[in-house]
Amino acid sequence: MKSVVLTYTGSSGNVYDLKTKGLIRTKTANFHTYEWKMDVTKQQYGVTVDRFTRDPATYQAVLIFDGSYESNKEMLERLHADFERDILNNTPGKLTWGDCSIDTFAYYSSTEPGDTKPDAKNTVKFYCPRPFWVQEKKISIFAHTPEILETDKAYDYQYDYSYVGMLDQRVRFDTKHYAESDFRIVAYGPFSLFNVNISGNIYRVEYEISAAEAMIIDSRQKGMYKGEAYVLKSDGSVANVFDYRSPSYQLFKRLPAGILTIDYSRTYGIDLSVFIERSEPIWNSSQ
Amino acid sequence: MELIAIDAQLHEIGYLVTDVDIEVGTSAALNNFEMNIPPIEAAGFYAEGTEYGGFFEYISEKSGSSTAKRKGWTWRGLLSQDIIEPPEGSDYRIVSGDANAVLSSLLANVLGGFFVVPDTVSGCTINSYQFPLYVNLLDGISDMLAEYGYRLSIHAEKPAAGDPVAVTVEAVEAETVGGTANEDSPYEITITDDHMGINHLVCMGAGELQNRQRVDLYVGQDSEVSEIQYFTGFSERKAYYDYGSVESLDELKKHGTKRLKELASSKKVEVSAKAGQSIEVGDKVQAALRGNVVVTPIVRKIVKISQGVESVNYKTSKET
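In order, the protein sequence lines correspond to chains W and D. Under the numbering used here, the first residue of the first sequence carries the number -6, and numbering increases by one thereafter. Under the numbering used here, the first residue of the second sequence carries the number 6, and numbering increases by one thereafter.
Calculated cross-link-like contacts (lysine-lysine; reagent style BS3-like; alpha-carbon spacing at most 25 Å): (1) D/K74 to W/K215; (2) W/K30 to W/K118; (3) D/K309 to W/K215; (4) W/K226 to W/K215; (5) W/K66 to W/K110; (6) W/K87 to W/K131; (7) W/K246 to D/K309; (8) D/K243 to D/K272; (9) D/K309 to W/K30; (10) W/K219 to W/K131; (11) D/K309 to D/K76; (12) D/K273 to D/K263; (13) D/K76 to W/K215; (14) W/K66 to W/K12; (15) W/K219 to D/K74; (16) W/K20 to W/K87; (17) D/K309 to W/K35; (18) D/K273 to D/K309; (19) W/K87 to W/K219; (20) W/K87 to W/K66; (21) D/K309 to W/K219; (22) D/K76 to W/K219; (23) D/K273 to D/K259; (24) W/K87 to W/K169; (25) D/K243 to D/K273; (26) W/K118 to W/K87; (27) W/K246 to W/K169.
Keep in mind that the hints were calculated from the coordinates and are not lab data. These numbers were taken from a predicted model, which means no experiment stands behind them.
With the sequences and hints as input, model every part of the structure.
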């Protein structure tokens, strides 16, 4: 059976495989642990549940550095430097388990000699402010042009969706998820109006972009803002285009559960990423 | 309810994720907002379709803290920061016409024409209304409209993509919410019938010892203040009011009456609304109190928006 991928990616971009024998391997970890909390109203008999909430998640992992003495020292130095960089810059790193990942800070570390020399045993605790593992599912939809129709024949069908028809404007995309999800749309210029209907909600920005530009609509919270809408300009600059949203529609409305219907003019191409949130990493991961 | 950050030109920046405390009402209310947020580029915020919003005009930062307290006048509060002056050559400002047209002329030069008044007819015709001298705009307009059963409606909206947010002020008919059976009301109503107040005020003015000016003021059966005693014996509650520097007996009576109204027994109505329910400042609440129906206007809204959820407490004017 193929082993699941487990990595830590620092905010620097450095990636550490935590399941590599002879380098770093994870001896124990509790990533499949979660707990909901309840806000309740007391009743004569029991309570009624007003809502469920979650605290930030914390996980503990025991890493074994089982390379040579020199290699262990070097890996510890590099990994812990990334841990510290994330904390001091307040920019989270990322734990990845199979298809799922979660933003995290390694806020505790304790290192001691391993059971076998020259191994080092490193106990690490991870703090995850948003306690959900995210699986990204993505679909790319090309513009309807004669050239694209030709290349469509060689389209990579790795994602689970189907066309209603090659010339149809509507595309179905099954997220296979039981809850609403955040999303990111990358729309490639040129176009004078971004207007996409996803399962009945219209996402619309009245802003014109050129061929070398792209518009990004991302519903996820970033800092003090819920969602962001911006254009990557051809000169490399970034322009906030939130002000050009149509006030009649909800620009960052989360996508509904299950099968999505994506309907628009198809005069420009888009990439749609759906961020599926789960309390624990997916069990039947494809990796 | 979404809070939207705006720049100084009223263009939108993004949906703001934060909590905010807001108070709006007559000029006796704070009419401001307060939030604690990290440094951001925004100049202010608004909530679509509501009067909640304003510019940051007060920032207090504490060393070592990642957030700063930001405060500012609400849109309504900005109206309390200007006054109604008589036109040149006149003793008073007197207005007539449709209420929206009157508002338009009053607000034309306020804050550089910041407020938008719709061209539509409000249905309320003002007849030679004379404003008190140098009254602030908020109280002047609110009192004028109340006299005709109308109230101020303030709401901010973005007309179209790329347009700046418009803060609209218009006259609308005041509604009366609630009923004669409080249990049937969609709002949670708390009525306080306070009989612990003073009903006899001994007002002492200028002079020395036995020669001081003295006026005895009493609360009557219908809460009116006069020099005729109504409550006697066990029901009498007496207090002393000292105004030694008063210039005349009439002035002593005037200030004594004001003081006695503050000290007298009162009926108070407080209202809590659930999410989605909306009562505005100037609307009236009707509630039953031991068989009597009390109708009293909303004079203050205390709003908390936390995690996008709005909770509101309403205060009504004191009914003495």
